[in-house]
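Whenever a hint applies, use it, and build me the whole structure from the sequences.
Residues per chain, in single letters:
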Amino acid sequence: MWRWLDLGAIDAIDTQTIYDAVATARGRNLAGDTLIFCYPRSPLVSLGYHQQIEKELDVQFCRDNGIPFVRRILGGGAVYLDRGQLFYQLIIGAENPLLPKNVTEAFRLFLQAPVWAYESLGIDAQYRPVNDIQVHGKKISGNGAATTPEDVFVLTGNIILSFDYEKMVKVLKVPSEKFRDKAYKTLREYLSTASAELGREVTLDEAKKALKNGFERLLGEELRPGTLNREEQELMNELRVKYLSDEWLYLPELRHPDIAGRTLKIAEGVSVIENVHKAPGGLIRTTAKIQDERIADVLISGDFSLFPKEKIALIEQGLVGCPLIKEELLSKILSVYADHCLESPGIEPDDFASAILGPQTAPLQ
Amino acid sequence: MVKILDRFEFPEGFYYSADHLWAKKEDGTVRLGVTDMAQQSAGSILFVRIMPKGRQVESGKPLGTMETGKWVGPLKSPLSGTIVETNEALKTQPKLLNEDPYGKGWLIMLQPSKLDDELKNLMTDPAALEKFVQGELPRLFKK
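Chains as they are written, first to last, in this note's numbering: chain A, 203 to 567; chain B, 56 to 198.
Hints listed in this document are in silico derivations from the structure and should not be mistaken for laboratory results. Wrong hints could be hidden among the right ones.
Unchecked claim - Straight-line distance between alpha carbons at most 27 Å, and here's what the computed DSS-like set of lysine-lysine pairs gives:
#1 B:K116 / A:K303
#2 B:K146 / A:K257
#3 A:K480 / B:K58
#4 B:K108 / A:K444
#5 A:K303 / B:K150
#6 B:K131 / B:K150
#7 B:K58 / B:K79
#8 B:K150 / A:K257
#9 B:K146 / A:K467
#10 A:K444 / B:K116
Claimed, not checked - So the derived list for chain A, only partly shown, Cβ under 10 Å to chain B, looks like this:
#11 G250
#12 L276
#13 G295
#14 N298
#15 P302
#16 N333
#17 A347
#18 A348
#19 P351
#20 L357
#21 S447
For every residue, glycine included, the Cβ atom is placed at its ideal position computed from N, Cα and C.
Okay, structure coming up:
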């Protein structure tokens, strides 16, 4: 028997503390398996559990614009959340036979409900492993999960009715404006919303009804509204203090020296990656959109010299579609060099390939 | 080296917990890490967070967390004691946990407080491990 908390608009930070509080209560046997529907009264930024805040967020922009930010207990990246998104939050104990122990299988099972919700709204949505729901190759729902120390499984996600693409890229800390621009365009290209798909405004009520039906079908029971108990409310008050504390926001164990490069995952299989590579002839900065391990497009800039200089565009064009394999990148770059008699003092074709691949390809120490 | 089902390595001389961590005695302290089976089930590990040096941990309670595919889960200590060293390399190279779970992917060195009592709860016998792995297999790798 599931408890359904249909909460509507709640305080922004409570949208993140509530599932932590309910999962904690569930772990102490103070609550049963629970499904929460809610959305934030005002915008917030939610940071992935293992993210380092000052590397991910433009903290000053958030403060200047009154957008609170919190670290969640779930994985994934920083996200901008507002009332254009209806959240579902599922809290289930390990002893419930419905729960697969394998995380991918858990996503596959529980994301059926939002997939059905989108379908009933008239959107041809599909589950895309591990944790996306997509429509015609575009992400339309983001999801994250955690297992608590008491073995309670938590899964949260959203039905996206509308999305503020501009705010999303403004709250992020980015290495360059080129990166921000590419992130914005890639988000526009690979993240869709229910309203955009249907060409009309989809309301929160419509989405809630569809989502409720989806979960009732999945769980095999009628969902009846319940309430938070006193212990959970007390836990939420405690967690609110914790979530706003510097100790929680700037978890000291996560701090480590900067790793060069910045990767922003947009959807399953789609990322924007910026790297800087130092060569004797200067710095090379590459900002690439990667789709399914291939370059969808790339911008190359820096303080190196290439003759004739406008031919850099030919290298960029030559790399489109190329897989992220050093030999293949190098072969494309070499053929552009040969075809156009390019010269670059202190920069080898190999340096461009190394820049694109970034430090992650360095051999492990 | 014990291999089970030709897929999962369980080296000899290590103690294994039902929470999929291993322990190995080393000169009065104990080195802890994650089993090969757990890392294979988890897939690519993106982050590892470990409690700092000096922190006391209890057996069955988390000594840290790991993240994989947008999932965060606890790393439950197989033994109680005080953390005397942590594997700093995991901060920048969490994939060591996938690539070398019994070597460079170790998690912490622990000064154990109840070693003799708690080692009894861990598995070393190949037959017991085989039975454990068979039981975990359908849950960790299928529905």
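Against the structure, the hints:
1. B:K116 / A:K303: Holds: K116 of chain B and K303 of chain A sit about 19 Å apart, inside 27 Å.
2. B:K146 / A:K257: 14 Å, holds
3. A:K480 / B:K58: Violated - the C-alpha atoms of K58 of chain B and K480 of chain A are around 44 Å apart, more than 27 Å.
4. B:K108 / A:K444: 22 Å, holds
5. A:K303 / B:K150: Answer holds: K303 of chain A to K150 of chain B is near 22 Å, not above 27 Å.
6. B:K131 / B:K150: Holds, because 19 Å separates the two Cα atoms, which is no more than 27 Å.
7. B:K58 / B:K79: Roughly 18 Å separates the two Cα atoms, so the pair holds.
8. B:K150 / A:K257: Cα-Cα ~20 Å, so holds.
9. B:K146 / A:K467: 20 Å, holds
10. A:K444 / B:K116: 20 Å, holds
11. G250: Interface hint status for G250 of chain A: holds (8 Å vs cutoff 10 Å).
12. L276: 6 Å, holds
13. G295: At about 15 Å, which exceeds the 10 Å cut-off, the nearest Cβ of chain B leaves the hint on G295 of chain A violated.
14. N298: Status violated, d = 13 Å.
15. P302: The hint holds - P302 of chain A has a Cβ within 10 Å of chain B, the shortest such distance being about 5 Å.
16. N333: This hint holds: N333 of chain A lies near chain B, its Cβ roughly 5 Å from the closest one there, short of 10 Å.
17. A347: At 4 Å from the nearest chain B Cβ, A347 of chain A passes the 10 Å test, so the hint holds.
18. A348: Check passed: Cβ of A348 of chain A comes within 4 Å of chain B, closer than 10 Å.
19. P351: 5 Å, holds
20. L357: 9 Å, holds
21. S447: Violated: closest Cβ of chain B sits about 17 Å from S447 of chain A, beyond 10 Å.
Violated hints, listed in ascending order, are 3, 13, 14 and 21; each of the other numbered hints is respected by the structure.
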